[in-house]
Amino acid sequence: MELHRDDNLIDNRIKNVLREKFHLRTLYPYQELVIRTILESARMFGHNEAGSAPKHQLVVLPTGSGKSVCFMLPSLLVNGITIAIYPLLSLMNDQARRMKELGVKCAVFKGGQSTQERNELFRSIEDGSCSFIITNPETLGSASMLSKLCSSPIALIVIDEAHTVVQWGETFRPAYLDLPHIFNELHPDQILAFTATASPQIIDRITDIMFKGRRPHIVLGNPDRPNITYKTLPSICKIHDIERLFKHNIALPAVIFCSTRKRCETVAWELKRRLNPQAIRYYHAGLNKEEREATERWFYTHPNAILCCTSAYGMGVDKKNIRSVIHYDLSTDAESFLQESGRAGRDNLPTTSIVIMGIEEQTKVKKIANDAPFVQLCTVFMRTDMCRRKSLLKIMGYSEEHCSGCDVCDDNIITEPEGSHEILSLIRCTPFHYTKEQVAFILSGNPIPWRLYEHLSGHPLFGILDNWEPEDIQEGLQSLQKEGAIKVKKTWPFKNRLYVSHVCRSHRDFALFKSSLFNLLSSIRQYGFDM
21 MELHRDDNLI DNRIKNVLRE KFHLRTLYPY QELVIRTILE SARMFGHNEA
71 GSAPKHQLVV LPTGSGKSVC FMLPSLLVNG ITIAIYPLLS LMNDQARRMK
121 ELGVKCAVFK GGQSTQERNE LFRSIEDGSC SFIITNPETL GSASMLSKLC
171 SSPIALIVID EAHTVVQWGE TFRPAYLDLP HIFNELHPDQ ILAFTATASP
221 QIIDRITDIM FKGRRPHIVL GNPDRPNITY KTLPSICKIH DIERLFKHNI
271 ALPAVIFCST RKRCETVAWE LKRRLNPQAI RYYHAGLNKE EREATERWFY
321 THPNAILCCT SAYGMGVDKK NIRSVIHYDL STDAESFLQE SGRAGRDNLP
371 TTSIVIMGIE EQTKVKKIAN DAPFVQLCTV FMRTDMCRRK SLLKIMGYSE
421 EHCSGCDVCD DNIITEPEGS HEILSLIRCT PFHYTKEQVA FILSGNPIPW
471 RLYEHLSGHP LFGILDNWEP EDIQEGLQSL QKEGAIKVKK TWPFKNRLYV
521 SHVCRSHRDF ALFKSSLFNL LSSIRQYGFD M
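Residue numbering for the sequence shown follows our numbering, starting at 21 and increasing by one per position.
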């Protein structure tokens, strides 16, 4: 089928629904292609067209390209029931909200519903007042659901966020792997899988699992999001650097992705303490229903919200004007990263994706195979000689000649973590002198125990990192120790004192703080010499 916009190809019924329900005048080319294929297979353009139209589709279109319209519009035109399957309750609620805005009744089946609630929903399906079902794999696969639906005419089954079939189905959501069995029970006319990102390998796995190796009609859009600028921020203390980003007026609203619930909560509480406590909350699967819904409402309505969320649960964040996405922990692979960074800028306005690159990522890279998905992604954000956008798209199987924004192409690379200069300078010029605690108090300029205060407060670097908390400097010291740049003496007479073990290439310039300059600064502090 030829891919171009031509109103003559669009049936009047499609145009009427598009205008009256969605308040749109035209479709994007890919939307038109997918919708027309669905309706052709449903015999809405005659039997001849239906014979050549594929029954099943796998649609890969970037976030913000209107994937939901591709199945919502046909669901209003085809005969039979549409079942939309989502991985998260927040996504189910969001789809229900969209259907309500269209004035279309839908039935939401989820865990925790009473028998009475379920029976009312089934009655609305049986009497024909509702033909759109929203659910998740676990609920759909229950015996009670299948027994009720197996005799109903199922026109479309939609699997949204289809990459989770692979990423979650093979780990902690085995119900996704049971979907083919469910399809055999329900006999849908068409199966439609949608996702924003999928590498060739993920596409093959989805095909194997969902379609049992029978190649569906695949619609591939370019996954590039031109309005997103990608940046790396090297760090020896992530919480300090994130605090600094917000104090330097990074654009809001913002989302911070963390790998675990505990870290998600820790980061949120720490930022609450340091910044505006009213503008920061956390969001993960450990919250109860009321807490999740309250957080969702708060985030959608707060103009300057900062939301810390787990990587999995962040998929449920659907706020079009998110201006910044920060990865406290890097995603496991390029697909996940593009999904997460794609939460921002869904209004197509400029936005920023920042990866905080710490020693954890560098250590993890050394432990796993070079061709592992995480290593591929980590390399994109560790190297400073490759366009980040082109490198990301290359992993996804796409080529891109033009970069619309990354720190490499914009010549705005930050090569050294903030604070490493000062820490290494102090330790190199005074090896075996100070413990971690003493270094932290010297550089931060904070009060220290009275016995040591008078001596250390005259240090030439005293207070040079006065915008750092002592605990942050100690975390920075820990990072540099893990990296191998500094070591702690384990034997007397210098037990627990720090020294530079070797000069890492990345810190070489910072560690060459000359002793003559060091002594001059000390004299200035002690005697107040006029420069």
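These aren't lab readings, by the way, just hints derived from the structure by calculation. Warning: the hint list may mix true and false statements.
As the list claims (entries may be wrong) - Just the calculated beta-carbon pair ranges, DEER-fashion:
hint, residue 1, residue 2, range
1, Pro451, Asn368, 37 to 45 Å
2, Glu140, Ile388, 47 to 55 Å
3, Lys384, Glu457, 23 to 31 Å
The beta carbon of each residue, even a glycine, is placed where N, CA and C say it ideally should be.
Hint check results:
| no. | hint | in the structure |
| --- | --- | --- |
| 1 | Pro451 to Asn368: 37 to 45 Å | violated (54 Å) |
| 2 | Glu140 to Ile388: 47 to 55 Å | holds (51 Å) |
| 3 | Lys384 to Glu457: 23 to 31 Å | holds (28 Å) |
When the structure is compared with the earlier hints, a violation turns up for hint 1 alone.
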